[in-house]
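**Q** Given chain R's structure and the hints, the job is docking chain F onto it.
In case you want the letters, here they are:
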Amino acid sequence: MKKIALLSIGLLLTAAVPSQSEVNIDGFLQGLYGGRLDETNPTSTEQTASETRFQLRAEHYGDKAEFFGRVDFVWDGADSVDYKWELREGFLKFRVGSGFDFKVGRQVLTWGTGDLIFINDVFAKDYRSFFIGRDDQYLKAPQNALRAEYYHNIGSFSLIWTPRFEANRLPTGRRLSYYNPMVPGIVGTGIDDMYYFDPPLPESKFENGEVATRFQRQIGNFNSALYFYKGFYKNPVGMDLVNMTAYYPKLNVYGASIRGAIWGGVLWLEGGYFDSREDQCGEKPNIPNSSVTGMIGFERQVATNLTINGQWQADYMLDYDYFAAQQMPGVFVRDEVRHLLTSRVTKKLKMETVTLSGFVFYSPSDEDMYLRLSTEYKYTDEVTLMAGANIFDGKHENTDFGQFAKNDNVYIKLTYGF
Amino acid sequence: MRKASIYLVLALMAVVASSASASEQDANEIMKKSHLAYYYAGDDGMADVTMTLIDKKGKERNREFAMLRLDLEEGGNQDYYTYFRKPSDVSRLTFMVHKTAGGNDQRWIYVPAVDLVKPISADDKNSSFVGSDFSYEDVSGRHWNEDKHTFVREDQLDGKSVFVIESAPKVEYQGFAKKVSYIDQSNYLPLKEEYYDNKGELARVFTAEKIDTISGIPTVTIRSMENVKKGSKTIVDFSKISYNVGITDDVFTERYLKTPPREYVK
Chain R
1 MKKIALLSIG LLLTAAVPSQ SEVNIDGFLQ GLYGGRLDET NPTSTEQTAS ETRFQLRAEH
61 YGDKAEFFGR VDFVWDGADS VDYKWELREG FLKFRVGSGF DFKVGRQVLT WGTGDLIFIN
121 DVFAKDYRSF FIGRDDQYLK APQNALRAEY YHNIGSFSLI WTPRFEANRL PTGRRLSYYN
181 PMVPGIVGTG IDDMYYFDPP LPESKFENGE VATRFQRQIG NFNSALYFYK GFYKNPVGMD
241 LVNMTAYYPK LNVYGASIRG AIWGGVLWLE GGYFDSREDQ CGEKPNIPNS SVTGMIGFER
301 QVATNLTING QWQADYMLDY DYFAAQQMPG VFVRDEVRHL LTSRVTKKLK METVTLSGFV
361 FYSPSDEDMY LRLSTEYKYT DEVTLMAGAN IFDGKHENTD FGQFAKNDNV YIKLTYGF
Chain F
1 MRKASIYLVL ALMAVVASSA SASEQDANEI MKKSHLAYYY AGDDGMADVT MTLIDKKGKE
61 RNREFAMLRL DLEEGGNQDY YTYFRKPSDV SRLTFMVHKT AGGNDQRWIY VPAVDLVKPI
121 SADDKNSSFV GSDFSYEDVS GRHWNEDKHT FVREDQLDGK SVFVIESAPK VEYQGFAKKV
181 SYIDQSNYLP LKEEYYDNKG ELARVFTAEK IDTISGIPTV TIRSMENVKK GSKTIVDFSK
241 ISYNVGITDD VFTERYLKTP PREYVK
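In the order they appear, the protein sequences are chains R and F. Just so you know, we're using the working numbering here: the first sequence kicks off at 1 and counts up by one. Just so you know, we're using the working numbering here: the second sequence kicks off at 1 and counts up by one.
If we strip away everything but chain R, and leave its shape as in the complex, we get (with noise of 0.2 Å):
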């Protein structure tokens, strides 16, 4: 049946191609090989990666309106032997009157100020991607969407309908292993495949569909925007107590942000109320608190071709002395305040020809951090090699990077686009 689907639409696309003169078709092939370093990894495999991807991209635009599609085709072998295909994007984007701008079908969606962490973007991120080497645009997954835009003198007004709620991709326990509150530890499916992580998404009801909405404004330098989030926690972070299974609590999301040039480089300034609507007065154990989030940031080229960026995060649960009061002994307890600090280094040498890469996020609050580090070399404008690390390290199993610390892994990747 795969088969069959995956066939269709090459044939779909190849046949749309020589009919029409305005149909532009790229893409690239691409190897993606990585191990993991740490040999207690209770995951299946020691392959992180193993696949081979063909992206195809086509557009087509006319007067009225433009198509673009975007598909994958993956020969995955990494803990299974699998052939999948992903949609990745396909939408139609057409203008109505002199303000309006629609898009409509399955796309990539992206706001908000913050390099690699995330306050008012609620959309959908591809954990499992970004911990293994993926290209960067694989950190976002696709959502099912409509968007409309309206453009007007005051400001620009943003509304994202997506009408079936689409999670985070995180570690399953194939091959990335993630820390389970009820063993507790780190698990994975090497150890057995009841942990194998893949929670039920909320009811496919109208009133279950996501809502997201922006207010943006130019003020001199700066783009300040004002945001709105009806929908579900995109992680998994609630329990349900009947049938013991993790489930996605109601959220909605009030948040600001600015950003401009200033200094000689870049500063970002973002924050966002996350109001846990299942748990209003936070006595809910099983429920996450509602807590306010705030980060700075600020970007600047220091020497030719050499960037770097710093940004700070603080996270203030609201409702925390009942939350510690709930949490099981023996355990780490979240601070209060917990404090992320992320910092991105890029140098481009040999006529950008060469890049090196380092991004780090540490926790102080809770003492772990994640390091990507990665080189990439452009034989020719068609032949890139990438070879590249993730490490992770955290003195407590249950934190965000902590859970990850058997993980650490390195690839390469070899893309020939076209």
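One should not assume that every hint holds.
Below, in silico cross-link-like pairs of lysine-lysine (PhoX-like), each with a Cα-Cα straight-line distance of 20 Å or less [as the list claims (entries may be wrong)]:
#	chain 1	residue 1	chain 2	residue 2
1	F	K230	R	K284
2	F	K240	R	K347
3	F	K229	R	K348
4	F	K125	F	K170
5	R	K93	R	K64
6	R	K350	F	K170
Calculated from the model, a selection of chain F residues having no Cβ within reach of chain R, i.e. all distances over 10 Å [claimed, not checked]:
#	residue
7	S88
8	D89
9	N145
Calculated directly from the structure, the hints in this document are not laboratory data. Where is the CB? At the ideal position from N, CA and C, for every residue including glycine.
**A** What follows is chain F alone, placed relative to chain R:
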């Protein structure tokens, strides 16, 4: 006798001073005209651009993009919009510059694969434009007021009459310590520029390889920049050039950064 010699000296000084200021003014005027002819042709402009980057071993890389320009003020602020077609890893990426003459520019990039709009730190105008031998400033133009210009001589270059002008940055600058420009006397286009570093050594050479007249406006359609020190060279070929197409300033906003203006960018 003494009085006479003093008068003579004073008179000589006055002559020297006035002639110096006259040629300085001329040099400044020539560079201003050149700047307007080269960077501000028409009220707006658009073109398809092919950039060939050749490294010292002769290996080539190519970039293809469409470029839009709007002059907000003659000799002053400008908006630039770039839509990349090739290579594959940057296709459909858009890039926008709000150039502030004599100030800091603002730059934004839009990466469609992640739907990301990002302002870029634009402090270093001297950094390479997409890996080429051209800097950002070479693309959008360094304001003539930022350098002190000196008239050197009139000369001939490939059968054309040129003004030779020497320029030095008023404030110390990474890009060059001295620049020698050969300006075509007939249309004020720069035919050649030699950039010297702070050791006084020749670092880069710009050459207008081909000049065509488009809608009555003399235009450098093929230009090159050779990095003498690194042994690399970039050749830029402009095609489908048009001027005064009526591009409006709303094109240079986030809305069009996310959705290219298809009437200009196919």
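**Q** Which constraints among the numbered hints does this structure fail? Numbers only, ascending.
**A** The structure conflicts with hints 1, 2, 6, 7, 8, although it agrees with all the remaining ones.
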